[in-house]
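Trainee: Chain by chain, the residues:
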Amino acid sequence: MISQYAGISPKGDLQLLQRLTKVLGGRSFLHVNSTREGGGVAEILQRMVPILQGLGINARWEVINGDEQFFEMTKKVHNALQGNKETITDAMWQHHFEINRQNAANIDLDADAVIIHDPQPGPLVEFRKKGVWIWRCHIDISNPFKDVYKALGRYALQYDAIIFSVARFARAMNIDEFIIPPSIDPLSEKNRELSDDEINETAKRLGIPIDRPIILQVSRFDRFKDPLGVIKSYRMVKRYNDCILVLAGSPATDDPEGAAVLSEVKEFAANDPDIHILLLPPFSDRDINALQRMAFVVLQKSLKEGFGLTVAEAMWKGRPVIGGAVGGIPLQIVHGVTGFLVHSIEGTAFRIRQLLNAPEMAGGMGKRAREFVRKNFLITRQIRDYLSVWYIMENKGKSTIEF
Amino acid sequence: MGNIMEGFEFKQCISILKSTGKKAGNLNALRDCIAQVSDDCIFHHTYQYFLKEHILEYTNDFAHWAGESLEERSLAEQLSNIDPYEYDNIGDLRKELLSVIGNYIESFPEPREAMPRDEFFFNETITLIFPIGIRVKNLAEFLMAIKFVDVGSIYYHFYEARMRVGNGIDDFSKWIEESLQKKELAGRIRAIDPFMHNIEDIRRHITEQIEMELRRDIQVMGVEE
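Taken in order, these protein sequences are the chains called A and B.
Heads up, the first sequence is in my numbering, so the first residue is 2 and it goes up one at a time.
Heads up, the second sequence is in my numbering, so the first residue is 336 and it goes up one at a time.
Hint data in this document are derived by calculation from the structure and do not stem from the laboratory.
It is possible that some hints are incorrect.
[Stated by the list, open to error] Below, in silico cross-link-like pairs of lysine-lysine (BS3-like), each with a Cα-Cα straight-line distance of 27 Å or less:
(1) K357(B) / K86(A)
(2) K76(A) / K23(A)
(3) K399(A) / K430(B)
(4) K357(B) / K151(A)
(5) K346(B) / K23(A)
(6) K357(B) / K397(A)
[What the hints assert, rightly or not] Residues of chain A placed beyond 10 Å of chain B at every Cβ, according to the derived structure:
(7) K12
(8) G13
(9) R20
(10) A43
(11) N80
(12) A168
(13) R169
(14) R172
(15) A173
(16) E178
(17) R193
(18) G208
(19) R240
(20) L281
(21) R385
(22) K399
[What the hints assert, rightly or not] With beta-carbon atoms standing in for the labels, derived distance ranges:
(23) N473(B) / G26(A): 28 to 38 Å
(24) H336(A) / E412(B): 12 to 22 Å
(25) E445(B) / K147(A): 39 to 49 Å
(26) M547(B) / G84(A): 38 to 48 Å
(27) E412(B) / G337(A): 39 to 49 Å
(28) A326(A) / Q516(B): 52 to 62 Å
(29) E431(B) / G26(A): 25 to 35 Å
Backbone N, C-alpha and C fix where the C-beta goes; we use that ideal spot for every residue, glycine too.
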């Protein structure tokens with residue numbers, strides 16, 4: 002399976018993967034999270050676990066079960082870790098622990114390395130048997146609500162190491178903290194190469210004209226993604242350059258505000274025939290892929306963002322991306338080199354116009370963007386990093402390891 | 336071809352990033368942290384800056400932060416002018432960083448605070464080194480290899496080697512001098528300033544030097560002395 006990535010992923014990454022599997026091959030590697038589908042963690046595990054198995058690692062992926070009360074509480078924990086003030090009672094923490102205790106009885110936790118994703122299954126560490134235990138925190142905990150952070154900390158500190166996506170998300174803790182950014186899979190339905198026929202068929206089916214340059218933003222209908230700001234930028238551009246705006250998103254079941262934001266966006270678009278608002282069903286990966294490939298410029302004009310992997314997705318398709326300078330976006334966009342970072346609606350409009358008027362610059366930027374993603378944000382790099390951390394934890398105290 | 340030449344084995348390094356958990360929000364805190372953090376941390380923010388392929392205005396992470404986040408352009412320029420390859424060890428480099436920041440603070444004692452979440456985050460790395468399966472025996476084979484190896488391999492042999500081998504000597508010129516007995520060519524490669532180029536530039540400069548040498552070798556080949 003890994004051979005499919007030869008010629009796509011950097012050769013050095015694949016070679017280090019081979020070296021690591023020579024020393025870790027045949028050993029067990031368990032991932033645990035709280036959902037089989039939906040969300041970035043599940044998306045990457047669906048692709049990663051078969052690759053690990055193909056490399057000869059005895060990899061497993063287990064999902065914990067919980068009731069409504071449990072997931073309501075963990076949603077609060079998530080929000081509190083991002084800085085919201087939330088009240089979580091002792092009884093709620095007790096229930097959190099109890100659900101994990103029940104899951105620990107049903108899941109085989111016996112593995113040489115275990116990665117527990119996010120806070121929901123955090124207490125499983127109380128039931129560790131052997132091996133290296135790592136907590137993979139996908140959340141920005143740089144400025145958490147203290148009470149909740151402290152309560153969760155009693156579990157976090159029982160792990161051997163923690164992995165964060167961005168250095169800024171980490172904080173001083175008396176434990177090894179590694180920084181591993183997330184990744185995209187170049188062979189998945191969302192990112193694989195598409196033929197012109199496939200792209201044109203999608204455009205036709207979704208009613209998108211391809212006779213003029215397309216400006217695209219793919220995101221949930223969420224105020225933090227600033228869809229109204231995107232429309233304002235488009236209107237500023239439209240006075241000078243004829244173009245099409247596509248806002249594409251899926252309804253998020255866990256986001257009650259989504260419907261309200263969508264209707265605001267529709268109202269604000271005011272029946273402009275060149276604004277296309279697409280509410281795509283979940284798992285519209287191929288359509289998103291085609292939209293990104295037909296776009297001339299891709300926007301991710303977020304006001305607040307986690308890592309913002311949609312940026313890497315569009316960059317991988319060789320598109321110049323204009324992104325808000327928030328969350329993980331500045332790690333993906335090197336301003337002026339692999340895209341543009343913006344701080345305002347006016348800045349977004351200016352950069353769109355700049356790219357529309359200089360297709361050669363847009364092309365060069367897109368090319369560098371794809372190469373930047375190839376070197377830094379592909380799934381093979383993330384697997385390489387996970388196995389490296391496992392091996393490093395088994396060889397603690399060395400700052401250099403030679404194979 | 337009387338003497339047996341030792342081949343050159345290309346290796347590569349990949350660094351796994353670790354957070355130290357330390358951060359600085361202004362110049363005083365930056366200075367205090369630089370005084371305390373590990374050598375690995377200083378190494379990462381200075382020498383490993385050259386692993387970045389898009390070097391824009393700065394030459395190390397401290398200068399980048401001073402310029403971009405604190406908008407202390409003059410300090411950023413002074414820090415950018417510190418060439419880590421001039422120092423024999425991290426301790427001396429650390430002293431120079433502290434001296435430049437200390438002098439600047441004395442002249443401009445009003446500390447400017449970085450925006451929240453835009454502080455300087457101190458990291459370090461654990462480096463994994465592995466052979467990449469390419470061993471060359473002569474200059475022509477070396478030329479083919481240097482053109483196509485990953486940038487991580489050039490970084491390991493040209494940049495990282497200077498700290499490992501010492502005296503500003505890289506692995507490539509060392510092999511060319513010791514095994515190929517080409518002292519002049521080794522000198523020309525050693526003269527390429529690591530501080531002034533990104534890795535792709537280094538690849539291009541080395542390739543040019545090797546091609547020039549091979550062209551010369553071919554011109555004299557078969558000509559009786």
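Trainee: Is the Cβ of A173(A) farther than 10 Å from every Cβ of chain B?
Mentor: violated (3 Å)
Trainee: Checking a non-interface call: every C-beta of chain B should be farther than 10 Å from the C-beta of G13(A). Is that right?
Mentor: Violated: least Cβ distance 4 Å, not greater than 10 Å.
Trainee: Between M547(B) and G84(A), does the beta-carbon spacing fit 38 to 48 Å?
Mentor: violated (59 Å)
Trainee: Can the suggested window of 52 to 62 Å be confirmed for the beta-carbon pair A326(A) and Q516(B)?
Mentor: Once the Cβ atoms are compared, 54 Å apart, the range 52 to 62 Å for Q516(B) and A326(A) holds.
Trainee: Does the no-contact call for K12(A) survive, Cβ to all of chain B over 10 Å?
Mentor: violated (6 Å)
Trainee: Confirm or reject the statement that R20(A) sits farther than 10 Å, beta carbon to beta carbon, from all of chain B.
Mentor: violated (5 Å)
Trainee: For a C-alpha distance cap of 27 Å, please report whether K357(B) and K86(A) respect it.
Mentor: Within the cut-off at roughly 25 Å; holds.
Trainee: Would the least Cβ to Cβ distance between N80(A) and chain B come out above 10 Å?
Mentor: For N80(A), whose nearest Cβ neighbour in chain B is about 18 Å away, the distance exceeds 10 Å, so it holds.
Trainee: Check the non-interface label on A168(A): least C-beta distance to chain B beyond 10 Å or not.
Mentor: At about 4 Å from chain B, A168(A) fails to clear the 10 Å cut-off, so the statement is violated.
Trainee: Checking a non-interface call: every C-beta of chain B should be farther than 10 Å from the C-beta of R385(A). Is that right?
Mentor: The claim breaks: R385(A) does not keep its Cβ more than 10 Å from every Cβ of chain B (closest is about 7 Å).
Trainee: Given the hint that K399(A) pairs with K430(B), test it: the Cα-Cα distance must not exceed 27 Å.
Mentor: Within the cut-off at roughly 25 Å; holds.
Trainee: Holds or violated: the 39 to 49 Å window for the beta-carbon distance between E445(B) and K147(A)?
Mentor: violated (31 Å)
Checked against the numbered hints given earlier, the structure breaks hints 2, 7, 8, 9, 12, 13, 14, 15, 16, 21, 22, 25, 26, 27 and 29 and satisfies all the rest.
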